[in-house]
Each structure stands twice: as structure tokens, then as C-alpha cells.
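Let the hints inform the model, and build the full structure from the sequences given.
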Amino acid sequence: MKKIIRVAALGGALALALAACGSAPEDTPSSSPSSSGGAMASDFKGCIVSDSGGFNDKSFNESALNGLNKVKTDQGIQTAQAESKTDDAYAPNINNLISQDCNMIVSVGFKLSTATGDAATANTDVDFALVDSLPTDADGKAIELPNVKPLQFDTAQAAYLAGYLAAGTSKTGKVGTYGGLAIPTVTVFMDGFADGVAKYNEVKGKDVKLLGWDKGTQKGLFNPPEAPFAPGSGKANADSLVAQGADVILPVAGGAALDALTTAKATPGTLVIWVDSDGALVNPDSSSVILTSVMKLIDAAVESAVTDAAGGKFDAAPYVGTLENGGVGLAPYHDLDSAVPADLKAEVDQLKADIISGKITVESQSSPK
Amino acid sequence: MTDELVPDQADAPPAAPPPKDPTEDAAASWLRRVSSSGSTVTVLAFVLALVIGGILIAVVNPAVTAAAHYFFAAPLDTFEAAWTAVSEAYSALFRGAVFDYQADTFAKAIRPLTETMTVATPLIIAALGVAVAFRAGLFNIGGQGQVIMGASLSAYIGFTWHLPAGIACVVALLGGLFAGAVWGGIAGVLKARTGAHEVIVTIMLNYVAISFLAYFLTTEAFRVPGSAEPKSRTVRPEAQLPLLFGSQYRVTWGFVIAILAAVFVWWLMSRSRIGFQYRAVGFNPNASRTAGFSVQRITVYVMLTSGALAGLAGAVQLLGTSKYLTDGIAGTIGFDAITVALLGRSKPLGIFFAGILYGGLSAGGRFMEAVTGTPISIVLVLQALVVLFIAAPSLVRTIFRLPAPDAELKGATA
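As they're listed, the protein sequences go chains A and B.
Sequential numbering from 1 applies to the first sequence in my numbering.
Sequential numbering from 1001 applies to the second sequence in my numbering.
Hints are computed from structural coordinates only; laboratory data are not their basis.
Treat each hint with caution, since some may be false.
Derived CB-CB ranges, DEER-like [what the hints assert, rightly or not]:
1) B:A1109 <-> A:D214: 52 to 60 Å
2) B:A1392 <-> A:G312: 55 to 63 Å
3) A:A227 <-> B:E1238: 46 to 54 Å
4) B:L1243 <-> A:G245: 52 to 60 Å
Remember, it's a predicted structure, so these values are computed and weren't measured experimentally.
Backbone N, C-alpha and C define an ideal beta-carbon position, used for all residues, glycine too.
Written as C-alpha cells, this is what we have:
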């Protein structure tokens, strides 16, 4: 009997404690639009389709989604998203979003160029933003459409600065790069990087070698094709570059760039130049080996395109991110600020100014036309 | 059909009989058990998967999470939110897979069903290939590679050869069939000649095929002129599979090919002499050998048939739906086909419905994500759970307290 009372008392106390942990929200008339804070609630619906890399790719899909979500937070627009698991999901995913009354659809990646071209031709009342590509027709030819805004990036410009910086920082006289796949959005980084290294050699009369990419033949080091952008698949390439003496590495490989960080941390003196986002911020535990990052600000471009469309100011003029408009750029040096000599920093800044002024043109066959 | 590929060894005693390993017998008997368990188990497996999937949908739903924070203050809120989340997700799944009762027009309302058919088409054909191998006691895990090779050759024929309409499409389909057969046949010959296990060989051939595909897409022969993107030219209109119900739906004559393939496999396995030999070898290779069958030759034939069907699936996917080659052309068709074959218990009719179910889950899952924001990964979990329960029939029987069926005691049914 005593035992029962004890158990009951304990149970009662526990229930009270748990009830105290969380209380139900007051019944407020939540339907009133004023409750959504300062942001104006909007009827505009912005939607996004990933490519088969998925939204957690630590690369362009994730970046584009962040851009859309920023508009959702700031402007109170509605959003919907569709993650493509395979290449055959692009067309149905876009169609599903259209049937959900999306006003604008952001298609991420060149793989969606045909699906976007088809859908935009058939649905002239829906606006599209296409990241990294121009829309194409069924035969794969680039077309201009009044309701598709291409968002492209001339990352070669920023990679050029990174190449110069890498060559100036290298102690072994060798820098390296590897890519996920040999596709234009990857090789454009490698082309710019190669030219930056060459520029350094020309200015300083040095002979810093670039391993992993030959701009002339467009051949280089790439990950195995079964999982080119998955963490783990870049390990062999990163290790082989370090084994050949490279001490600054530019991995252009989405999630497989993480392998370069692992290698760099295991090999003192090796530094990594991150791509797409500011690597020291997204990988804080590796900031000690991240020299800088070649940033491709997809999120900002998506944010501005969606904001314009939500404000009724959609235009189909192609956007090309450059050093000049800040669509691409070199990230701060963060932890390694003191490791970069002041005059090298000044030279990089000067190069940036020269590229913006047009004194230097960075050319790559993969740059957006 | 392809006798010249392998010398006749029917009567010659094998110089070195392939070593018998116990896992092989265990695997074959597992296959037999799975394929002979009743359809009740299949249905219950699906129900169980839906229940677990429902729990997952509720758990990942933000509204449910929010309500669960004050669960003990107002427990009903949590259940209400969970009910809303699950019922909305599953009704969106239905609307995306079968019939969208919220669409404005009837034509739009039945589009989901045609989407399901589109996704199911290559799955059914490739699964028939996997099933032929299953019933002959072979695990063809190489569907993916065979699909890739089939799609690659049919694409090449489709955009290079100038053939009159009608013939072009048939030739491209046959090309895919041939490439898949060769890719499957390699594994068959290696198994027959050297005893190399087909599971290992087919898995490895998948990687070889992926690398071949990546290489093809770097060559001038495949690429769009002037483009550096790893994407092939589009197949000529004459070689494309015509649409089945007009331009507002994506479903093509590939669906009819899938039905014909199912009828063919039924005839092959249930009515033909060679199919009888396939099954006999699958049931008991030693007895078949004693009965005078050339187990080696039949192994090669089985893998040729299995690969040909997977290659045809690749060709149908390419000529019907994709129309050009990319590195992701095969998606996960080759692997999903294994699931569909298991789900359909390796029978043509079962595979047809399993393919439709699987296609429905995929098409519905995409719709569900677009409408309710439920991650599409839930659908992948659902698909995996169905297979898990199908593969462990005794688990399902234990959960639902079903008696062990007689079929298991009697052994495989033909």
C-alpha cells in the first residue's frame, strides 16, 4: 500500500514537472496578418528545384536555397521546394511546382537547362531564374526566353586572384587543384587559377608549378565519376597532390572538397583555398588551414532575382557575377591573415582593381558568354 | 538466340566444377522462400511501411515538433498536428501518384497517373530482367550498368544513324537491348567459365559502365558541338518513342513495351523449353546437371536475357523520357529494379503491379514534397521499408501473428 502511494506521488510530481517544462501557447487570433512581424506578408510564391546533388550539397544547391529562404525571412513570401534525387526528376519537379501556383521558380544548375527551357516555353505566366546556365531547347541549343533570367558567374576572375595568391604563398613552388567533374562550372575555376599562377611567374620571374590542371589541353585531375562531389571521393586526389609536393590546394568539388581539408590538417604546411562560399565560416574547425575562398555568391544573386520578381520588377536580362559587381570575389584571409605578406596582399588588391578596370582580362572558354 | 557466343558444353563434363559454396545455396533458398510467401505478406509489409513512414512524417514536421514542446500541457495538440501532417502528406502522395482531385480539369487530374506510368516503365522492364536471373538462382546486381550501356548505345544510334521513322526507333531499341545483353553476358560467361561470383562481377561492371559513360560524355562523338557540358546530343525525332496519350502527358509507347516485355517473360519462364531449364537450374543446379542440362550454358543465357531486358529499360528511358544522355541517365533504375523484382515476387504480373506501385511512390513523393514540404527522402525510407519487410516475411508474420504458410514447406512454386 505504501509502495503504491509512493509511486503515485512520484508520478504526480513527475507529471507536474513535465507540464511546467512547456506551456501551450495562448490562443491568439493567429489568422490576423499583422502577427507575421514587421515583414509584409506576401502572396508571392517563390519556389526552387535542386539538381541531383540535393539541397545539402555544401555547394550551389544549398547556396541557392539560402538565397530563397533569405527572401522568405525578409519579405514574408511563401516558398516551396523540390529536391531532385535523379536526373529524370527535373521536369516533373518543375511541373509539380507550377501546379502549386509558384510565381517564380529557381532552377539550380546547368543540368536543369533543358527542363527549364521547356517549362518556361509552355508556361509563359511563370518566371524562372536559372543558376549557372542559359536555358536550352530540346536540341541543347541556348535560347533566350522572356521569362527566364540566367544567373551566371565569371568565377575565373576571382580564381585568378586565388592563383596569384597561392603561387605567392607556396613554399614548395608547387600548387595543386582537383575537380569533381570536368564540367564548365568547375573548370572555369581551374582556368582562372592557372592564369593567376602564370601571372605570378611572369611578374616575379619564378617557376611555380600548377599540378592537376592544364589550361591548354583542358585536362586535369578529377574525382571518380560514380560520386564526383561526395565527401570521400576527393581523398585520393588531395593526397596525391600533397605527395607530389603541392602545398596550396584548390578543390573544386562540392562536398569532396572536405577531403582536401582532412589532408591539409594531416600534413602541416599545407593550405586549402575553398570555393563557392567563405570556407573559414562554413568549416570553422578547419579555418587554420583555409587560406582564403573563391566565392561565388549564388545566394545573393538568387535573393535579388526573387526580390525583384516579388516586387513586380522581374527582368530576363542575364546576370553575370563578376569582381566588379561583387557576384564573385576573394574571401577574407581570416586566421591566416598574418601568414600572407602585406605586399602580396597589396598586389592581389591591385590585380583585382586591374581586372575591374579592364586592364587585365581573364579568359576562359568556360566563362559565361 | 546467341548460341555462337558460347561453345556448346552440354555433354562435356566440366573440367573443374565450380566450387560449391554454402552461401550460394543459402541465397538461393532465401530467394525461393521470399518469392513463395503469400501476397498477404506483401500487402501487410506495405501497411507496416506506411505506418512507420507516418511516424517519421510526424516526427520531422515542424508543427508537430512545436506542439510536442508543450506535450504534457496540451497533449491533444501534438496528436492533432501529427494527424494533420500525416494525412496531408499521404493525401498529397495519393494526389501525386493516382488522381489529383483538386485539379481544375479532368485532364490535369489524371496526369499523376500518367506520371506514375512514366516512372514505372523502365522499372518494370529492368525488374523483369532481374527476376529472370532470380528465378534461375542468380543475383544480377548489375542492372545499373546494363541500363547505362543500353541507354548509351541506343542514344548513339538515335542521334547518329539517319534511318526512316519507325525503323529508327526499333533499331535504337534493339541497340540498347544488345548492349545490355553484352554487359550481362560478360558476367554470365565469367561465372560459367571460371566460377566468378555473379554478384561481385556485376557490381564491378556497374563501376566500369559508369566510367565508360563519363568517358563517352567527354568525346566529340557524343557531345553537343560547341558545348563543354557532359551531355549528349538529343536523339533524332524519328528515333524517339512516340507519346502514348498526346503531348500533355509524358507517358510514351515505352509503357506498351513494358507490358509486352512482361508477357514475353511470362511466356519465356512458364511456357518455353529454355525457361523450364532456367527454372530447373535455379531450383537445383546439381540435379539439372545430372539431368543432362548444361548448367554453364544456361547460366550464360540467363545473364544474356537478364542484361538484355535491363538494356531495353535503359533504351526506353532514353528514347522515351530523357532523349539525351547525361551522367545520371540511369538514375537508380538498376537498383530499384531489384526491389521491384523482390516486391513482385519475381512473377511478371507481380512485377508489373510492383513497378506501378514503386513508380507511384516516386511520382507521388515528388508531388508530396512540392505540396507539403515533406522531404522526399521519406518516400525512399518507405520504399526501403517495404523491401525490408518483404525480405523478412517471418518478421511480418510475427508482427501480425500469422501462421507459417504451407508454401514454404512445399518449396517453390513454378
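What hint numbers does the structure not satisfy? Of the numbered hints given earlier, the structure breaks just one, which is hint 3.
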